[in-house]
Amino acid sequence: MAVTGTQVSPQTYLRSLSRWHPIEIIFWLSTLLPFWLFPTYLSLASQISVAALFALSLDLILGYAGIVSLGHAAFFGIGAYSAGLFSKFVWGEPFSGLIVGAAAAALLGFASSFIIARFRHLTLIMITLGLGLLLAEAANSASWLTGGSDGLQGVAIWPLFGIFKFDIYGTTSYAYSLAVLFVIFLMARRLIHSSFGLALRGIRENFVRMPAIGAPSREHIRKIYTIAAAMAGIAGAVIAQTTQTVSLETLDFQRSADVLVMLVLGGAGRLYGGLVGAAIFLIARDQLSGIAPQFWYFWIGILLVAVVMFLPNGILGGLSALLARWRTR
Amino acid sequence: MTPDVFTSKDAIALATHGLTKSFGQLVVARDIELSLPVGARYALIGPNGAGKTTLINLMTGMLAPNAGRIFLGDEDITTLEPQNRVRRGLARTFQINTLFAGLNPLEAVTLAVCERRGIAAKFWQNIAVHKEAIEEAYSILVKLKLGDCAYQPTRELPYGRQRLLEIALALATRPKVLLLDEPAAGVPQEESGDIFEVVAGLSDDLTLLFIEHDMHVVFRFATHIIVLVGGAIFTQGTPAEIAADPGVREVYLGTRKHD
Numbered sequence: 001m002a003v004t005g006t007q008v009s010p011q012t013y014l015r016s017l018s019r020w021h022p023i024e025i026i027f028w029l030s031t032l033l034p035f036w037l038f039p040t041y042l043s044l045a046s047q048i049s050v051a052a053l054f055a056l057s058l059d060l061i062l063g064y065a066g067i068v069s070l071g072h073a074a075f076f077g078i079g080a081y082s083a084g085l086f087s088k089f090v091w092g093e094p095f096s097g098l099i100v101g102a103a104a105a106a107l108l109g110f111a112s113s114f115i116i117a118r119f120r121h122l123t124l125i126m127i128t129l130g131l132g133l134l135l136a137e138a139a140n141s142a143s144w145l146t147g148g149s150d151g152l153q154g155v156a157i158w159p160l161f162g163i164f165k166f167d168i169y170g171t172t173s174y175a176y177s178l179a180v181l182f183v184i185f186l187m188a189r190r191l192i193h194s195s196f197g198l199a200l201r202g203i204r205e206n207f208v209r210m211p212a213i214g215a216p217s218r219e220h221i222r223k224i225y226t227i228a229a230a231m232a233g234i235a236g237a238v239i240a241q242t243t244q245t246v247s248l249e250t251l252d253f254q255r256s257a258d259v260l261v262m263l264v265l266g267g268a269g270r271l272y273g274g275l276v277g278a279a280i281f282l283i284a285r286d287q288l289s290g291i292a293p294q295f296w297y298f299w300i301g302i303l304l305v306a307v308v309m310f311l312p313n314g315i316l317g318g319l320s321a322l323l324a325r326w327r328t329r
Numbered sequence: 001m002t003p004d005v006f007t008s009k010d011a012i013a014l015a016t017h018g019l020t021k022s023f024g025q026l027v028v029a030r031d032i033e034l035s036l037p038v039g040a041r042y043a044l045i046g047p048n049g050a051g052k053t054t055l056i057n058l059m060t061g062m063l064a065p066n067a068g069r070i071f072l073g074d075e076d077i078t079t080l081e082p083q084n085r086v087r088r089g090l091a092r093t094f095q096i097n098t099l100f101a102g103l104n105p106l107e108a109v110t111l112a113v114c115e116r117r118g119i120a121a122k123f124w125q126n127i128a129v130h131k132e133a134i135e136e137a138y139s140i141l142v143k144l145k146l147g148d149c150a151y152q153p154t155r156e157l158p159y160g161r162q163r164l165l166e167i168a169l170a171l172a173t174r175p176k177v178l179l180l181d182e183p184a185a186g187v188p189q190e191e192s193g194d195i196f197e198v199v200a201g202l203s204d205d206l207t208l209l210f211i212e213h214d215m216h217v218v219f220r221f222a223t224h225i226i227v228l229v230g231g232a233i234f235t236q237g238t239p240a241e242i243a244a245d246p247g248v249r250e251v252y253l254g255t256r257k258h259d
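Chain order of the listed sequences is A and B. Anchor point for the first sequence: position 101 equals 101 in this note's numbering, and the numbering is continuous, going up by one each time. Anchor point for the second sequence: position 8 equals 8 in this note's numbering, and the numbering is continuous, going up by one each time.
Bear in mind the hints are in silico, worked out from the structure with no lab data behind them. Values in this document were obtained by computation on a predicted structure and should not be read as measured data. There may be inaccurate statements among the hints.
Rough simulated footprint, nothing fancy, chain B against chain A, three-plus residues with beta-carbon under 8 angstroms [claimed, not checked]:
id : segment
1  : 9-16
2  : 193-202
3  : 211-219
Glycine is no exception: its CB is placed at the ideal position from the N, C-alpha and C atoms.
Given only the sequences and the hints, what does the whole structure look like? Please build it.
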């Protein structure tokens, strides 16, 4: 909760900015509800957790550092493929697969960050888009390794802790993906409330001023880009492990576009935006495609246009503005 | 760079040699020779378009010169990136507010202090852990009379306060040389004195160069004046010398209303 007066010390004030809000606790408790309320929707809930994690990783670069990417699926896909291949050929234990997925994506992220950090705006969007397409096509042509358009088959994941099997009911899948999401979320939350998080907001708020306060913006961008890539890689690894297959769609441009839509719908730069956006997007897809499978993007399109026109800070931004107005009454 | 370069009174804090910059046919800086002694209070004056801001951009590395060299103390900084010049003690403010609109003054200045202390990249610790950095930031704000609005978003601050925050951000880098680009630009005349009182109150070790149009302010605060015309140094000297220079009156003072 923000303290507005100057009666508290600056240190206490800054600490208060990272205090847990009751709504946050309610939010996380409610993520447990599907286990009891919607037991038949656990695999959807699991997909939402993965998408939420993916959107969260995009939020760190887009919402905090202001780096627009249309190729973020590259890291999701590389995480998925490397975790899938690792479990197929080396070792099926799930947590080691996560680490492999994160490491592979981080490596790719770090390598490409040297290009990313040099550009901004449209150039940057085109570069991320190009790199994403490049990787998708590479995975397609390396079908001896990736299985090409048939997808990677034979991903064998061992039971979680040697006990809980990833079965068709999705209980293990959801528990696992939710736990991973929560742990990574805690790390992201710590990050944005750190001095580094402040530097990222500085980059977003005024890129020109940063060098004038002695800040190495490019170094910061390289670092956050690598971290976000690792997070996206973990999201990809989770999808590979819980669905026990990896398809080319994990690298698809559509996935990069979808995650951007989720984040913008929910509200970028607010940590929970990607989470809420992912839930809205995937629940809408699930419900709407039941009615008319071909047309469901039509409704997403309308929703997206409406949100960016009337709620420039996304659905969460709109809600918090509403809350603030209600409070001052 | 030896530290005593910046403490001995007759040492040179900042110097340029043959600094030249042109955009195509347009020469915006022509063979600029400057040397600012430690602790000096220099004013840079000249008609609009004389290249005053360009000179600051060249010295801080936001523009690359076509020719010439820039020295901070003994060190040649001509090819250093802007942030690395700041880290060595060359800071600036902007004529048009260049602030972090969504951060509050405490966050913005704390960020600058963290960058200087080399702890800004620590992403695993809560910002509140860095007590000393936060307190240093707050003390800078208090010194610039921004203590009571430290927690207010920058975009909501009155304009005059934002001008002071410009200076606060520069001070957070602990500069040895501070270049102020019209610190009171856009501030009503009765308030601009307050800003220059703050500037005048800065440490004696700090070397200052400021661009200013108001001649009262210039003659009151500067120990030395540089007159820039058409990208070249027209003349320079003490306020008394400049005031007596008929050439300056003609090209500059004479063209402005001045009472």
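Status of each hint after checking the structure:
no.	hint	verdict
1	9-16	holds (count 6)
2	193-202	holds (count 9)
3	211-219	holds (count 8)
Violation of the numbered hints given earlier is absent; every hint is satisfied by the structure.
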